[in-house]
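A.B. asks: So the protein sequences, as listed, match chains A and B. For the first sequence, this note's numbering assigns the number 1 to the initial residue and increments by one for each residue that follows. For the second sequence, this note's numbering assigns the number 1 to the initial residue and increments by one for each residue that follows.
Hints in this document: simulated from the structure, not taken from any laboratory. Each hint should be verified, as a subset may be incorrect.
Claimed, not checked - One-sided excerpt, in silico: chain A residues whose CB lies under 7 Å from chain B:
1) Ala61
2) His69
3) Pro77
4) Glu88
5) Gly274
6) Gly275
7) Ser287
Stated by the list, open to error - Calculated lysine-lysine pairs in the DSBU-like style (CA-CA distance at most 30 Å, straight line):
8) B:Lys447 / B:Lys683
9) B:Lys683 / B:Lys868
10) B:Lys443 / B:Lys376
11) A:Lys213 / B:Lys376
12) B:Lys332 / B:Lys443
13) A:Lys213 / B:Lys591
14) B:Lys659 / B:Lys443
15) A:Lys97 / A:Lys6
16) B:Lys47 / A:Lys97
17) B:Lys868 / B:Lys969
18) B:Lys969 / A:Lys213
19) B:Lys806 / B:Lys969
Claimed, not checked - A short, non-exhaustive set of chain B residues, derived as facing chain A with CB atoms under 7 Å:
20) Ala435
21) Leu488
22) Lys1026
Where a beta carbon is used, it is the ideal one built from N, C-alpha and C, also for glycine.
One-letter residues, chain by chain:
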Amino acid sequence: MDLSTKYLGLSLPHPFLAGASPLADTVERCQRLADAGIAGIVLRSLFEEQIDLEALAHHQAVFGHTEAHGEAMSYLPAADDSVFGPDEYLAHLESVKAAVDVPVIASLNGHTEGGWIDHARRIEEAGADALELNLYAVATDPGESGAELEDRAVAIVQRVTESLRIPVAVKLSPFYTALVHFALRLEHAGADGLVLFNRFFEPDVDLEALEMKTHLELSQRSELLLRLRWLGLLSGQLRVGLAVSGGVQTATDAIKAMMCGAHAVQLVTALLRGGMGRIAVLCDEVSQWLRDHDYESLRQMRGSMDSSRTPDPKAFERVNYMRTLQTYRIE
Amino acid sequence: MSTSRTATIDGNEAVARVAYRLSEVAAIYPITPSSAMGELADEWAAKDQPNVFGTVPTIVEMQSEGGAAGAVHGALQAGSLAVTFTASQGLLLMIPTLYKLAGELLPFVMHVAARTVATHALSIFGDHSDVMACRQTGCAMLCSANVQEAQDLACIAHAVTLTSRVPFVHFFDGFRTSHEVAKITLLTDDDLRALIDPVQIHAHRQRALLPDRPVLRGSAQNPDVFFQAREASNPFHDACPQAVRDAMAAFAARTGRSYQPFQYHGHAEAERVVVVMGSAAETVRSTVEHLVAHGERVGLVQVRLYRPFASAWFAAALPSTVRSIAVLDRTKEPGSPAEPLCLDVLAAIRWAEQDGSATWRATPRVTGGRYGLSGKEFTPAMVMAVFAHLGQDSPHGSFTVGITDDVTRRSLPFDADFELPCDGRTEAVFFGLGADGTVGANKNSIKILGEATDRHAQGFFVYDSKKSGAITISHLRFGRRHFEAPYLIRRAGFVACHQFGFLERYDVLDLAAPGATLLLNAPFPPDRVWAELPVEVQARVRALGLRVFAIDAAAVAAAAGVGNRINTIMQVCFFALADVLPRDEAVRLIKQSIQNSYDKKGEEVVRRNFAAVDGSLAHLHAVPLPAADADAGRHRPPTVAASAPEFVQRVTAAMLAGKGELLPCSAFPPDGTWPTDTARWEKRGIAATIPVWDEAICIQCNKCALMCPHAAIRAKVYEPALSVADLPSQAWRGHDFPGQRYTIQVAPDDCTGCGLCVQVCPAKDKTKPRHKALEMTPVRDVRDRERQRFATFLALPEVDRAAVAKLDVKGSQLLQPLFEFSGACAGCGETPYLKLLTQLFGDRLMVANATGCSSIYGGNLPTTPWAKDAAGRGPAWANSLFEDNAEFGLGMRLSVDMLAARAGKLLRGLADWLDADLLVADLLEPHARAEAWLAAQRQRVAELRRRLAGLDLPEAKELIALADYLVPKSVWLVGGDGWAFDIGYGGLDHVLSMSHDVNVLVLDTEVYSNTGGQASKATPLGAAAKFASRGKAVDKKDLGLMAINYGHVYVASVAIGAQDAHTVRVLREAEAYPGPSLVIAYSPCIAHGYDLVFGGDQQRRAVQSGVWPLFRYDPAHADRGEPPLVVDTPGGSIPVADYMRNEARFRMVEKIDPAGFRRYAAGAQRAAVRRMAVYQHIAQLRFPASSPATATAATPNGTEEA
């Protein structure tokens, strides 16, 4: 069965990518992913905070005490080689690129127009096949409207895409008022793909310490439904590549996502839980399903249930929401 | 290495660049002010930079200078080209080896940033007392006078040692030359190759020890041959001066820079001549040129080759017209007929006359003068005084210059206002904070002007001794013509004050020339700046006709997001006002240097600094001066309060005001004795925010007071009747002081604003948990109120020590700290332990303090933190050296025990003379050291003294003097890991091997903190430190386990931020244990590379991960048949890597070498597990009661428990 797909201009033998996660933290794991047949690897995000805030914190920690006392001009070794920017990330990227033949997609995560954006160029120079730009923003500034926030995001995307030759995907959160409109703006700004959706570190309350604590749970299959809706809504209206991230754990999950428009399927939880052998299993199961249902190829099936093609386009819209609520019963 | 022809660098770098390229092995040990030479060598080697022979030198850090000397000795014997760098005490430790090197004719160069040797006090500053202690070793000695010369003579030393086979000490003035930044012409690799003879290197190799042609060196010789063999080397020493002269000639031919072993400057027919070496020669030369231009017949002989002292050449250098000579020595040798250079000159003159080579008409009169000890300024004004003195009919045989000696009246008066003309030079001074980056920016300005223009540039930087809130004064000179001016600027055309508060504390305008430009960083709009100036400053501005400009640099910095680093902002303003470069060009160059410096540190760092630069000029304003009659406002406050003791008023206050130079000899105790309890008079007010207490929320845990590094937040309980309306309080919740009030109060002028207290505070507002019982508050909002409250708080009586129910965390913090307001870094991890020590035992505490951070914040003048209680008791503190502290402390213990025994003997002997009651028996009764018993014992001692006063017996008089020894003393040996793990380990090990009751507190910062973060044997696996820049490859030494091996030593590991109660318990157990005790204390340090407000959190992570296990090994437990080791925390609850990633020292390794970091993290994890397994194994051991392991120690008395 022909499972090939195209995402971000990359020709992939099948749609399964390793999503941004610790899965790609070491070269050895990346090699194992490649050996297990992964179609591409998304590296863990390089966070704006990693680049800027850590750089500033280290800058203060290291340089805040220099030239201050007669006996010690500094307190840490001269760190000309120690770069407080993304060089360790770049070095890792280069190592992974050298070690595997599959496409390697780097990931940048940020939300301000800070100096971190310039690192996109260095990521390209380090050999990334594509860049996933994660615009994770929690809108906390009461003085910033939704429109301004979106303008800022579009400006970031434009700045990045203008400076790069490699394709750029934008990883989004689902919390945009007018996601379709916003997605179109991103496409016009130069984005080559969208990843639906980002998952967040969400704060929890430590009742004893009266402090917030954050952690990230592995995704649940139930999260897929939200993604299916927006894949379906966007697929018919955008030219960019779409990837689903979050909630895909089985072949049927993947098939649904692709039917709703996904060109690629990012796996994290499935691989963390099921091991890298899941890649081949998923490919086999999708192939089998396609065969069983008389599809010629995955391309034939992709997008077949998006809002432009589904027999029931309203299902993606508000009517569906209303109906579901109205039909919900307490048992 | 760079091949550019000029560079603007300091003396240490100038020398290190040569030494590194001409050496194959360097063994070093850090010591101020020479540390940078070794650090640079290590840095270059880490980057695989080759020497001129194409190999990368091997750089090793040893455990002491003695070790470094031994290592280079071995390297030389085995045939490589070896070098070392040192100063002061370090050089003294190398002296035995120097004899060996010279005796074995080993070609070798040691570069010395000459520094004061500790006598009545330690000093890190420059003089020749260290190198003069080596003049007898047989080494040749070359002395450089400036940065250029330091580079050049370094090369000459390396060249000549190979040809002469005489080892060389090349020295230059510590700080004055080692730290002066100047524009020099560099020696290229080709220059070095051209000046070093490969044949001689080959010859050196051929003499190397090698089994293929075995020889023996270091034999033991007997009276039959030693003498003759010793004399057999004479030809080499005799030939050395000519070899130096030849090398200098070759150097001149290659570079055009000409040097002579003895260089004469001045009038060809001079009658008055000064002889001097080092940077002072430049000062004398400039003054001589000035005098000669004015028709004076004066001259200078600059000594460059001090050993071998070529007497004939010296005599020949003198003009035949000479009538009087002043020999200036930068050292003092009490008891000697004269200082060493003077003796050499006297001998040379005598030799010349004896052998008939003298050219002078009459024997010149020779006088000797001391100058510049401990980096004391030596100025043209002083040179003028010396020449004036020589012009007298009968000058003193021995004088001093630069001070006022009103004790022995040997000092020469000088006109402090005299200055040499400096036409065409820009002279600027900058007052900054250590933390605000002023020095770094000024070094950058010098580089910009030195390297982007044809100007000559010079910078020198004066630092105070505080590690928090330290003031720096930068002295910058720029000129179109070359100049040497190794003294501070006295009248600057540009004065910048980067911290507005300095105007209240220092006479900033004392250095302003009439008509100068004054640049202020003022946190006010321009039209308010004038009104905010103290009236004394306003008056000086008007009197001097200064142009005043101001910028709110903090606001610009905040807007740009660069924190408190106002350096680039003020730098832009300097260039805008000083007219030394076009503004646009200056901004371009500043940005270029920011890009160069910070590019790899993160583009956001660059972006923000650019924003700061761009925001500067728009906020720079001229300050309008209102009409003179509108001047009014605040006066500068007195330096110290009127209630301060007389000594503090007379001496300390002058030092605090920056006027210590003016104090005469009579102001000082002649033996280095200094009063304690002085820090309280220095109100530094350095915090921008301070904690304010909310009594409605506080739960009385006292953790804030425990963790405060500066004793700047305190707790008290007191009678309700003493309550003051304005002092917040709450009811005491303990059972020991029923009905009393409780207050937490900050000392607003002593707090450093580190925030540790707030961080550790567990009490949160139930409705707004962000608000704690302590909240950092802008000091300007609450300063006056909190000052008043702190004064009220201090006036409340201290708690009755015997009444505190339990000396745990809470109880201990009710006790008065007798270590307060030190100059340690904000957030220092060491000082909370010391403060706690003084709270527990301060009124009977004796401290032997190893040199290091703790001796600097603990004993560096002007003020010191060791304090006294209301009865006048408090810690007695002394520092001997770095390496001998354990022995020093042991000696204290031996004396205390001896005198206590003597007191006991006298008491028993006088028992019949004293009233027949229980007093004598009670005084001699074995004690448990409980606070109540101590109080009672002190009362018994007072009663004893009262009774003894009535006895007219010599024994009674003696016992009156010794009676205080009947109250037990607590002797603590305090120092850092550099001392305990490295340089002092031999002594410490020996002291621990004995049974005497000493307590050792190791403040383990895991690096040499004081000298700038060099690796020690306590540096953990994977941590970047100097000499381990890619991460230390082996784990730290387990000092605790080594001490446990003795069996009779109480050993504990503590981390006050992780388990405070454990620390309190350990200190009490250690003190109570009657044998040796060793407490190793985790001490966060700025060298770890994170904001120390999180010091407690990091300590917790260290303990949780297992890299810092908490344990107690108590031999008394073994006596009772119990396991002697208790592991208080098993660790392992978080990965070691989680701990490591929070500190830049580890993170920078991860950045450089991620795979290496992973290896180190895994290794550290394994090491932690392995260490814990060993401890757990020991913790299972049970010895038979009274086992031999503990037989050597007396049975402990145990601690009192309430």
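A.B. asks: Hints first: check each against the structure and report whether it holds.
C.D. replies: Hint check results:
Proximity of A:Ala61 to chain B holds as hinted, the smallest CB-CB distance being about 4 Å (cut-off 7 Å). Evaluation of the A:His69 hint against chain B yields a held restraint, the C-beta minimum of about 6 Å falling below 7 Å. This hint holds: A:Pro77 has a C-beta 4 Å from the nearest C-beta of chain B, less than the 7 Å allowed. For A:Glu88, the shortest C-beta to C-beta distance to chain B is roughly 5 Å, which falls under 7 Å, so the interface hint holds.
The criterion of a C-beta within 7 Å of any C-beta in chain B is not met by A:Gly274, whose closest approach is roughly 25 Å, and the hint is violated. Checking A:Gly275 against chain B: minimum C-beta separation of about 22 Å lies over 7 Å; hint violated. With its C-beta approaching chain B no nearer than about 38 Å, A:Ser287 sits outside the 7 Å limit, and its interface hint is violated. Of the supplied pair hints, the one linking B:Lys447 and B:Lys683 is violated, its CA atoms being roughly 36 Å apart against a limit of 30 Å.
Between B:Lys683 and B:Lys868 the alpha-carbon distance is near 18 Å, which keeps this suggested pair within the 30 Å criterion. As the CA atoms of B:Lys443 and B:Lys376 are separated by approximately 23 Å, the hinted pair is consistent with the 30 Å bound. Restraint check for A:Lys213 and B:Lys376: not satisfied, since their Cα atoms lie roughly 57 Å apart, outside the 30 Å limit. Annotation: proposed proximity of B:Lys332 to B:Lys443 is violated, straight-line Cα distance about 33 Å (limit 30 Å).
In summary, the hint linking A:Lys213 to B:Lys591 is not supported, as the alpha carbons are separated by about 41 Å, beyond the 30 Å threshold. For a cut-off of 30 Å, the pair hint linking B:Lys659 to B:Lys443 stands: about 26 Å separates their Cα positions. At most 30 Å may separate the alpha-carbon atoms for a hinted pair to count; A:Lys97 and A:Lys6 meet this at roughly 20 Å. Among the hinted pairs, B:Lys47 with A:Lys97 is consistent with the structure: their alpha-carbon atoms are about 26 Å apart, no more than 30 Å.
For the given pair, B:Lys868 sits about 15 Å from B:Lys969 by alpha-carbon distance, which is consistent with the 30 Å threshold. For the suggested pair B:Lys969 and A:Lys213, the alpha carbons sit about 49 Å apart, so the restraint of at most 30 Å is broken. A threshold of 30 Å between alpha carbons decides the hint, and for B:Lys806 with B:Lys969 the separation of about 21 Å falls inside it, so the pair holds. Look at B:Ala435: its Cβ gets to within about 6 Å of chain A, closer than 7 Å, so that hint holds up.
With 7 Å as the threshold, the beta carbon of B:Leu488 stays out of range of chain A, its nearest partner Cβ sitting at about 14 Å, so the hint is violated. The interface hint given for B:Lys1026 holds, since its Cβ lies 5 Å from the closest Cβ of chain A, which is under the 7 Å cut-off.
Checked against the numbered hints above, the structure breaks hints 5, 6, 7, 8, 11, 12, 13, 18, 21 and satisfies the rest.
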